[in-house]
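**Q** Going down the list, the sequences are from chains B and E. First residue of the first sequence: 323, per the numbering used here; consecutive thereafter. First residue of the second sequence: 1060, per the numbering used here; consecutive thereafter.
FYI, nobody ran anything at the bench for these hints, they're computed from the structure. Be aware that one or more of the hints could be misleading.
[Stated by the list, open to error] Footprint (simulated), chain E over chain B, 3 or more residues, beta carbon under 8 Å:
#1 340-347
#2 545-552
#3 596-603
#4 650-659
Cβ atoms here follow ideal geometry from the backbone N, Cα and C, with glycine treated the same way.
One letter stands for each residue in the lines below.
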Amino acid sequence: MTRELLQGNEACVEAAIAAGVRFFAGYPITPATEIAERLAWRLPQVDGVFIQMEDEIGSIAACIGASVAGAKAMTATSGPGVSLMLENLGFAVISETPLVVVNVMRGGPSTGLPTFPAQMDVMQARWGAHGDYPVVAYAPSSVRETYDLTVQAINAAEMLRTPTFVLSDAMVGHMREAIDLPDPSGLNLMERSRPEPDEEDFAPHRAGGDGSDIPPIARFGDGFRFHVDSNVHDEYGFPATERHDIADQLIRRLNNKVNAYADELIIVEEIQLEDAEVAIFAFGSTARSAREAVEMARAKGLRVGLLKAMTLWPFPQKHVERITQRVNAWVVPEMNLGQMVNEVRVVVRGRSPVYQLNRVDGLLIEPQQILMLIEQQVLSQMQEVT
Amino acid sequence: MPRLHTGDLLDRYYLPDRLPTIWCPGCGLGTATAAFLRGFDQAGIDRDKTVLVNGIGCSGRTAAYLDFDVLKGTHGRAIAFATGIKLFRPELTVVVMAGDGDTLAIGGNHFIHAARRDLDITVILLNNQIYGMTGGQVSPTTPSGAKASTAPTGFSEQPFDACKLAEAAGASYVARATVHHTQLLTRLVRDALRHQGFSLVEVISQCPQQYGRWNRSGTALDMLDWQKEHAVRAEKATNMSPQELADKFIIGEIVNQ
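For reference, chain E alone in the conformation it holds in the complex (with noise of 0.2 Å):
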């Protein structure tokens, strides 16, 4: 029998025969599951009365190591799934655990009309900027200029604000972490499962493999020192000018209505 060394908390959600994960070193996707998991944890929910959604794609595996009710559909469709799951059974707490092209580009209809309705499910949406499962192909939230396998010389186009994108069609809780901010992260989630409506955590993730070789990003720690340096806390952004924030991103509680 595979040991987790994961720690107490964590040993209890694992299905220890399923792992080791399919993640390549560095990713970020084991941190963000594991901060989940603690927000999970602290937010008191029956873990048997709960649903884990799952996309396709590396974010499309974080569900498939924990022992829960789990169901892991077809690209794009997992917040649409959600949406059956918890209109029939609405004593079910439902969490969607989903990457940006996932979520943002098959599925980016599905992700603005639960938003619209302000379906009460959590979506996890795993940022990490890239399809890393297909080999590195630009995503919806590849920034400007950067490059991938579809875009060799760099994106010439304009990425998604998940969060913007989600408070205006309707979301009433948005927030965002990074897999820096573990800690940030864990409480965002926790606050997010209790939240009654549309929640939104969006998690900057890295990809070190393949955004990461592609933009010449360096280590995972060097991606991680990245997010610390270009992620700036929601309540101090108020005071700060739009050149000082050209660069960088908000994180912390956005919406909570």
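Isolated chain B, as found in the complex (with noise of 0.2 Å):
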């Protein structure tokens, strides 16, 4: 265990190095590009590829290409260049292609504010591709954190045969802070598994319908001589586009399979909510003044609590039906017009009022602005009720 002031961008690419990343591709792009500038010289280092690609289209798309040859592959970009990768997102899904992409996230629409935090993007990375597909994606609100979930990216890509995301942002990416580095020995890694080298009558995307059954993947160049496809495909990769009964298999198994490894994909941190009234959906950089705002409240003789999702999707939305039993009202802030607050109220279903706190012009959601709309708005309601 090493001891390092870092960037929540280098401890990302650290993590990466650390969990078998070998191979990147990217574009600059402010607030992401200290990903990219440090890969370039700590890829080198473990024998890995680096290369700055003329756009984000083509990077995403050499990652697929070194992924499908082996590799575990990463990108990086923000909101712009997530649009522009989000039709070769689709292509990974179907291919079933591991592949990490890190957005931190800055605010739009557009070009935006380039170089301040939002969480704007958080549907563009369930919905953004065409087509009804699954992704997973974690949110990180601190450097160890981004370190953390990084790893937890990687695994997931590996072990689903599918594309992952990082949701970090602006705040997260560029802030310093002292963490304590893994030993890389210790980390609980998941590779994707391999057929035999002999197999006879290999096909890479033979499974059960549940889901929970992972093909193995296999690597270009090893003599399987099998076609990774973008349209609907059978069993062994090939075009199925006049089959309906097998388009209707694919698309429901690569989203089961997400739906199926749920519980192992959804990382959350519960704080002070045993006796809670008001519960706090937060996360991201947004969870750091939520989890002030539970100590200020606290301090009141409030009894306020924080659900820190570090997982966004798969949505973690048993924890919310569990505590939307106990509490009386929930509060979700984020840094854009309401975007997670929809899926909390789906699983509350108006058994009790979810209040929305959002920014958008690219500062900070302050604890103090948390603590009064708990006070003034949400304990002043409850009364009323009662």
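Fit the two chains together into the complex; they arrive one by one in their own frames, and the hints show the way.
**A** The structure is reproduced here in structure tokens:
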């Protein structure tokens, strides 16, 4: 274990190296560029490959190519770059190619607020590409969490054969904190499963329909002569665009994969929720303010707790459900005009009020804002009811 | 089990279960694919250390019938996928087989940058001067004045010369052949595969169903005759005047550095 003063973006790189990422293709963009810059010298040290591509579309495409050729692959960008990558994100899903996309979020839409944090891309990550597909997305709120969740994202991609996101933001990506870097040999790493070298009838997409069965992934150049196809394809990877039964099976299985492993993928932290009347749902930088707000509220004798979601997709429904049965109100602060709040509302189903607190000016939501909302609206409404 | 009638050499490379192809009668893509396979065979490269990367469209099905490691991804990105494969596994031979729209329109950026990097891949550019699968729209290589479904009165723009584009961008091997000149094509494919660095083989092909109907080009055989009449060997072109070359195109090895 070594103690280092690192940016979130730098911690992301160290996690990637430690977790075995050996290919990175990217394109410069604020506030994610430090990830590419550090990997440009860190990857060659471990015999990995770094390339700055001509655009973000090429970046994710090169990552897909490298992953099919056997690499743990990663790219990093911000919202505008993700917009360009989304078509190929869908290709990674349908071809079952492991891949990690780091989005250091900034204000949008369009060029937006390049140097300031936002949380406006959480729905883009979930629904941005065309088609019906699953994603896994982690949202760190600190430098150390950036390290840990980058490892998780790499593991999830390799285990499920699907693209995963790290949704950082300009604040988490650029701030420096002293962290204890774990010994890489102690990390719990997932490796993609491989077919037996002498497998006679290898089918790269052969698996049961409930999604729990992840087919082994072969590597180009190992003699399997397998096809990777962006069309709806059969279990061998050959296009099956006139087979409605195969289309139905494939699309359901790809989505079921993530659902089947939801419990393993979901990471949350529950803070002072045991006796809470009011629960805050927060993630990323906003979770830091929410935590502070909880402490300020507790100092005033107010029973406020926090559900900090480190996994956004799949959404921690079970946690929200369990907490909803105990609390009288939810508060969802986020740096957008209300995205994850709707996921909370779907679970709460009107059983308690869900308040949203939104900021889109590029500045962080402050603990006082959250506390003020709780004191002036949430608690006073609750008193009126009782 | 479907039977193949192409001769022993090609039988080794096709997946009989995947045939017949989707291509229209008279299409040049089958001939071009067969010439590619002959050139590949002559190059003496290990098939199991080779990856074929396809684009989208009619030409994006050339590898679909072949017994290789194959990646067919999204439209325009074949060269970018190939870049990742080649950089991570330099020991593999990586071949891109894609059309004019795929390579020069939506994927034009990847094409020039792979040439600039002199990335050691081979691009077989299957140029039929039209978007065939979507029903005959203009492509970046449709000649000025030619008709298409999106240029019903004739194309008002000028086309790319893919070979000049690749040369200017830094490609170290550039060649062109036609579907009519299959022996030349076979040899150029062989040489391109053996070349170290970015190699382009542009294949002028015919699309009688779309391009041909819009432009009253006649049958597939008429279009093959057109290729024969308008192609000039690179060696011969050096002694010809610009006037003589006005409606011609050069075939053979154009750059080999």
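**Q** Give a verdict on every hint.
**A** So, going through the hints one by one against the coordinates:
Coverage of the region 340-347 of chain B by chain E holds. Counting CB-CB distances below 8 Å, 3 residues qualify, and the rule asks for three or more. For the region 545-552 of chain B, the stated coverage by chain E is satisfied: 8 residues place a CB nearer than 8 Å to a CB of that chain, which reaches the threshold of 3. Counting residues of the region 596-603 of chain B whose CB falls under 8 Å from any CB of chain E gives 0; the rule of at least 3 is not met. For a cut-off of 8 Å, the count of residues in the region 650-659 of chain B with a CB near a CB of chain E stands at 0, and the three-residue condition is violated.
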